[in-house]
Amino acid sequence: MGIEYIYPEFEVVRNADRCIKCGVCQRQCANEVHKLDEDLNVMLSDEAKCVNCQRCVALCPTRALKIVKSDCRLRENANWSDSTIKEVYKQASSGAVLLSSMGNPNPLPVYWDRILINASQVTNPPIDPLREPMETAVFLGKKPEKIQRDENGKIKCELAPQIKLPVPIMFSAMSYGSISYNAHESLARAARELGICYNTGEGGLHKDFYEYGPNTIVQVASGRFGVHENYLNAGAAIEIKMGQGAKPGIGGHLPGAKIVGDVSKTRMIPEGSDAISPAPHHDIYSIEDLRQLVFSLKEATNYKKPIIVKVAAVHNIAAIASGIARSGADIIAIDGFRGGTGAAPTRIRDNVGIPIELALASVDQRLRDEGIRNNVSLVVGGSIRCASDVVKAIALGADACYIATSALLALGCHLCRTCQTGKCNWGIATQRPELVKRLNPDIGYQRLVNLVTAWQHEIKELMGAMGINSIEALKGNRLMLRGVNMTEKELEIFNISHAGE
Amino acid sequence: MKRVFVNEKWCLGCHLCEYNCAFANSGLDNMAKALKDKKIYPRIRIEGDENINYAVSCRHCTDPMCVKSCITGALSIEDGVITISQDKCVGCLTCILVCPYGCISQNENSVAQKCELCLKNSAGEPACVKGCPNNAIVYEER
Chain A
1 MGIEYIYPEF EVVRNADRCI KCGVCQRQCA NEVHKLDEDL NVMLSDEAKC
51 VNCQRCVALC PTRALKIVKS DCRLRENANW SDSTIKEVYK QASSGAVLLS
101 SMGNPNPLPV YWDRILINAS QVTNPPIDPL REPMETAVFL GKKPEKIQRD
151 ENGKIKCELA PQIKLPVPIM FSAMSYGSIS YNAHESLARA ARELGICYNT
201 GEGGLHKDFY EYGPNTIVQV ASGRFGVHEN YLNAGAAIEI KMGQGAKPGI
251 GGHLPGAKIV GDVSKTRMIP EGSDAISPAP HHDIYSIEDL RQLVFSLKEA
301 TNYKKPIIVK VAAVHNIAAI ASGIARSGAD IIAIDGFRGG TGAAPTRIRD
351 NVGIPIELAL ASVDQRLRDE GIRNNVSLVV GGSIRCASDV VKAIALGADA
401 CYIATSALLA LGCHLCRTCQ TGKCNWGIAT QRPELVKRLN PDIGYQRLVN
451 LVTAWQHEIK ELMGAMGINS IEALKGNRLM LRGVNMTEKE LEIFNISHAG
501 E
Chain B
1 MKRVFVNEKW CLGCHLCEYN CAFANSGLDN MAKALKDKKI YPRIRIEGDE
51 NINYAVSCRH CTDPMCVKSC ITGALSIEDG VITISQDKCV GCLTCILVCP
101 YGCISQNENS VAQKCELCLK NSAGEPACVK GCPNNAIVYE ER
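The listed protein sequences derive, respectively, from chains A and B. At position 111 of the first sequence the residue is numbered 111 (the working numbering), and the sequence of numbers has no breaks. At position 139 of the second sequence the residue is numbered 139 (the working numbering), and the sequence of numbers has no breaks.
Derived from the structure by calculation, the hints contain no laboratory data. This structure is a prediction, so every number in the text was calculated from the model and none was measured. Keep in mind that a hint or two might mislead.
Said to hold, decoys possible - If we take Cβ atoms under 10 Å as the criterion, some of the chain A residues that face chain B in the derived model are: (1) R18; (2) I20; (3) Q28; (4) P61; (5) P166; (6) K437; (7) R438; (8) I443.
Backbone N, C-alpha and C define an ideal beta-carbon position, used for all residues, glycine too.
Chain A extracted, bound-state conformation (with noise of 0.2 Å):
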């Protein structure tokens, strides 16, 4: 009250004629917004409470109820806008760095969208991806230089490990912690079935998950947890996370509330203890550094894993992928400041970082221009949305897309960027039992797999517009874009044609 009150930001409209207080909304909402008044027999709503979910929006079966944002505003100012002084006085409250989830929701430019694909007429001829065969797999490692022949003149096929891909998606680094036990099997078991890799994050790999080893990328990160022999040697790859695009340059910080259970036993450290990662590796203060913990992992796993090396998008990227490049590693994912997290400082995540489009485009461009694009895979992620965001990528450059938010949303995550209280009404980023339950496997993995099915149908339908029948056809194809509402400047460092040219 007070000095310390700030009026809610949603309201809970409740259509009187349609709610039959079936409860549903009460029972369903962790939050508790919703209760029953059994004096005045009416549903009432507590909005301060109200994250915006629409938990309780999509269980009301008679579609009584509706969030808004709420109209009470503060006097209108473009420099002072309603959540930056609402921020200054939750901080005048707490003292405390501010906390956000999943990635940055301010309106900074997304150059997907200034981006616009090929198609062919008249004189190259479009391919039906129905008709005709079409070609979406990708390898990702490193690539020999030129063809070796041996004594006899045969071709040598001893290649670095690969994985291989049915299609250019993979999902990316979500910790088990992070989020949910049934999350993870839901990625899990939808990677198996689409032939392609999830990414355990930095949480370790739960014992019950070994058995998704073919599909899994294992992660080592600063604070090392869960990390063992059996580990490394469990998955298709190893990623060594450098930072995360939500936050470039801070680590992680899972509170002890959630390190319970199985939490504690795959993470490797003592239940109810805050698992803390530092900011940096504090192993790795150079390439030189970074090359060494490369050739452990891969002495460690015999040579048999590629190695990814994670970096977020940051101002001297392609300098920093050369470097990468250079060390020995198989893999780059760059990760864009759009990316999510579980939690973040809100100023890191929505001021620290570049878009991964222009991230792509300078380092794809900087490791040709130096002959070692063939050294490693270029993966990308930090909010790529739909199929176009792929194919564009590919043109620009990259060899395969992580996902996150999007296999999220397919396990009905509704972007309330909330994940920090662990308080997840669809039962992904908690790890309350009676909310990790919400989100049942057999239907998690099932909307994954559509998701990605549903993608690769359309960037068959993409590729086919532009008269390619394969996807490596298409990669670093950057004829195939052109851009508009771009400057000068971005237009170089895409090196692509406005539209028109």
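Here the structure of chain A is known, so what remains is to put chain B in place on it, guided by the hints.
Chain B in isolation, oriented as in the chain A frame:
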């Protein structure tokens, strides 16, 4: 024969099945019209506590005690589905006493009622199954 099965592991205790059941058997086309400000008499009920919930409805036994015990012949088996002719029921409640699963209940007129797999109403398929948000209730052959 397809039956309704419940999987307590995925039951959230949301009670939607009860309301979908009551609506499906109301004969009305709008849920608010059918159920608003009324006490509901669903043929499926959620039991449990804070830790576990599960839906209870007729299992359509192959050798049903209720049919054997019915004194008026109101309960019978039609193609494996145990159905009730409420016109014949005199409300003696013997079936409720003998059902080992507690699946039979009384309706608002004190007559016995039970799940008939939505075969006799307009839902066409068990409404509890169709409306379950987490696949905790399934309609399948086992």
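The hints, checked one at a time:
1. R18: With a closest approach of 5 Å, the R18(A) hint holds.
2. I20: 4 Å, holds
3. Q28: 6 Å, holds
4. P61: 6 Å, holds
5. P166: Cβ of P166(A) sits 27 Å from chain B, so the hint is violated.
6. K437: Since chain B brings a Cβ to about 6 Å from K437(A), closer than 10 Å, the hint holds.
7. R438: The hint holds - R438(A) has a Cβ within 10 Å of chain B, the shortest such distance being about 6 Å.
8. I443: With Cβ-Cβ at 6 Å, under 10 Å, it holds.
Figure legend: structure checked against the earlier numbered hints; the only hint not met is number 5.
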